[in-house]
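Colleague: In order, the protein sequences belong to chains V and R. Residue numbering for the first sequence follows the working numbering, starting at 17 and increasing by one per position. Residue numbering for the second sequence follows the working numbering, starting at 84 and increasing by one per position.
Hint data in this document are derived by calculation from the structure and do not stem from the laboratory. C-beta atoms are modelled at their ideal positions from N, C-alpha and C, and glycine is treated no differently. Be careful, since some hints might not be right.
Covered stretches of chain R, as calculated for chain V (at least 3 residues, CB under 8 angstroms) [said to hold, decoys possible]:
#1 85–99
#2 107–114
#3 155–169
#4 257–263
#5 320–327
#6 346–355
Restraint-style ranges between C-beta atoms, simulated for each label pair [as the list claims (entries may be wrong)]:
#7 R:295 - V:78: 35 to 45 angstroms
#8 V:17 - R:286: 54 to 64 angstroms
#9 V:63 - R:85: 14 to 24 angstroms
#10 R:284 - V:206: 30 to 40 angstroms
#11 V:98 - R:359: 50 to 60 angstroms
#12 V:78 - R:88: 18 to 28 angstroms
If you want the building blocks of each chain, they are given just below.
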Amino acid sequence: MRTFRAIGILLAYLFLLVLGAPGLDFLPFGYLQSTRAQERMEKRHGPTAAQLAKAAADINRFRFKFEDTIGKVQPIFRVAQSWHLYRDGPADIHKLEIHVDGVPVYRTLDPKLDWMDPTMRNRRIRPVVESMVTKPKASNRWGLGRFIVERARADFPKIQQVDIISLSGKRPGDRLQQKHSLVAKAPDWQLKDKR
Amino acid sequence: MNRVWSWWMSRCEQVEDARPLALLRIGLPLCVIADLLRLAQLGLLDTVFVPYGSGGLSRIQDPHLVIIEWFGASAGGIAVLVTLVCMALVSLGLWMRPAIIVGVLAYAQLGHLYPPGDRAIDRIVRTALLILLFSAADQRFSLRRMRSLSIPAWPSDLLRFFLVVVYLSAGIAKLIQQPGWLSMEAFPPLMRILIDPMASDLNPVSWSMDTPLFRIGGFITIAIELSAPLLLTRYGKYWAIAGSLMHLGIALTMSLGMFAWGMLAFYPILLAPFILRFLPDDEDPTVDQPTTS
Numbered sequence: 017m018r019t020f021r022a023i024g025i026l027l028a029y030l031f032l033l034v035l036g037a038p039g040l041d042f043l044p045f046g047y048l049q050s051t052r053a054q055e056r057m058e059k060r061h062g063p064t065a066a067q068l069a070k071a072a073a074d075i076n077r078f079r080f081k082f083e084d085t086i087g088k089v090q091p092i093f094r095v096a097q098s099w100h101l102y103r104d105g106p107a108d109i110h111k112l113e114i115h116v117d118g119v120p121v122y123r124t125l126d127p128k129l130d131w132m133d134p135t136m137r138n139r140r141i142r143p144v145v146e147s148m149v150t151k152p153k154a155s156n157r158w159g160l161g162r163f164i165v166e167r168a169r170a171d172f173p174k175i176q177q178v179d180i181i182s183l184s185g186k187r188p189g190d191r192l193q194q195k196h197s198l199v200a201k202a203p204d205w206q207l208k209d210k211r
Numbered sequence: 084m085n086r087v088w089s090w091w092m093s094r095c096e097q098v099e100d101a102r103p104l105a106l107l108r109i110g111l112p113l114c115v116i117a118d119l120l121r122l123a124q125l126g127l128l129d130t131v132f133v134p135y136g137s138g139g140l141s142r143i144q145d146p147h148l149v150i151i152e153w154f155g156a157s158a159g160g161i162a163v164l165v166t167l168v169c170m171a172l173v174s175l176g177l178w179m180r181p182a183i184i185v186g187v188l189a190y191a192q193l194g195h196l197y198p199p200g201d202r203a204i205d206r207i208v209r210t211a212l213l214i215l216l217f218s219a220a221d222q223r224f225s226l227r228r229m230r231s232l233s234i235p236a237w238p239s240d241l242l243r244f245f246l247v248v249v250y251l252s253a254g255i256a257k258l259i260q261q262p263g264w265l266s267m268e269a270f271p272p273l274m275r276i277l278i279d280p281m282a283s284d285l286n287p288v289s290w291s292m293d294t295p296l297f298r299i300g301g302f303i304t305i306a307i308e309l310s311a312p313l314l315l316t317r318y319g320k321y322w323a324i325a326g327s328l329m330h331l332g333i334a335l336t337m338s339l340g341m342f343a344w345g346m347l348a349f350y351p352i353l354l355a356p357f358i359l360r361f362l363p364d365d366e367d368p369t370v371d372q373p374t375t376s
């Protein structure tokens, strides 16, 4: 029993190490697989660095075999061991602005325009807001837009129009410009892209 | 080889004070409960955990989502309820093992249902709960009657190793993808993160002059993350002080929900040498049976 437990614990360590693989998990499967790529690497960085990089790539290819077998258990519990936490922030400043009948009621991080602020900054909603302000064709913009319009119609009765505007600009962000937006108008409240 | 295996066997049989791991068992589920209750308070459960066709936000669901087939559009609400009950049971130390299995599966389904809102901290919490599944974390500060003052130490060791992998991966990922973390000239990446109005509470205009402060902060962040292997040594408790301060800083300056608190929930096991003397010791001495198997 003691031996089985020791083996089990060792396997648990290996599971975390092989699937987490700090640093290695960046390398694609085919990295430095061809002779041409290895020669190019050696030319650019010298033989020692090329050998080290090739060894890392080979280890990673071996790791992929585990990823494709024992790694398959990860989605059941949704525990993908990939930990690229907060690598960098955005190059520009982005904000979301919401207008109701032409009057601004919300702007990201603006204490005077704070309608729906706790909702928009909630960690579950924020990623959708973030992708909406950075990508004009973000796939979830329709869902977020529909949600904002429904809330606006509930909180501001008799309104005729809701504009959801993505603002963007260089740091520090004191001059932001409209990049893209969604608009919905009464009576059908159909959301449309607006450039 | 035989000596190495003997060392490993003896390491797997070490015991430790049950209280730090019990605090983790209480803290992690409480973060999940607080997170879901906050969503309910904001009236977002019917928006977040329903498919797009039924009025939800996300058009994308993961292929491993099964609860919609089983329960239809109300599946999200059921999964939230199951997760809440199971997390409460884990926190209370009641039926811990079945509660972890069912709770983690339901929590994972919430992630499959709404992938954009299922972040790294959710995966960290679920992984840690699955490790707790094999632990005796319910021996202290729980409503169970059977209690031990000492429990096997390997789950805490494995959790420490898990945190090393997480922090080290985060540090290496930063350096590989953004060399500016170590640059004296580039715009400090930490500043890019901390003045991003989408995630941070700092006003980018008023903080834009404090570049050196963020540059030094960036160096410290990288130093902390890359030195995480210290957690596996006797200096781990000192590393944990720096790590906890980093997460407190994140909690004070950013709106990342339960991220900072979820990570801080691990720190009782990392700071155990400092905190043990302050922890209540109110257990029944008649059940003081150290667990060795």
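Colleague: Which earlier hints can't be squared with this structure?
Modeller: Hints 2, 3, 5, 6, 9 and 11 not satisfied by this model.
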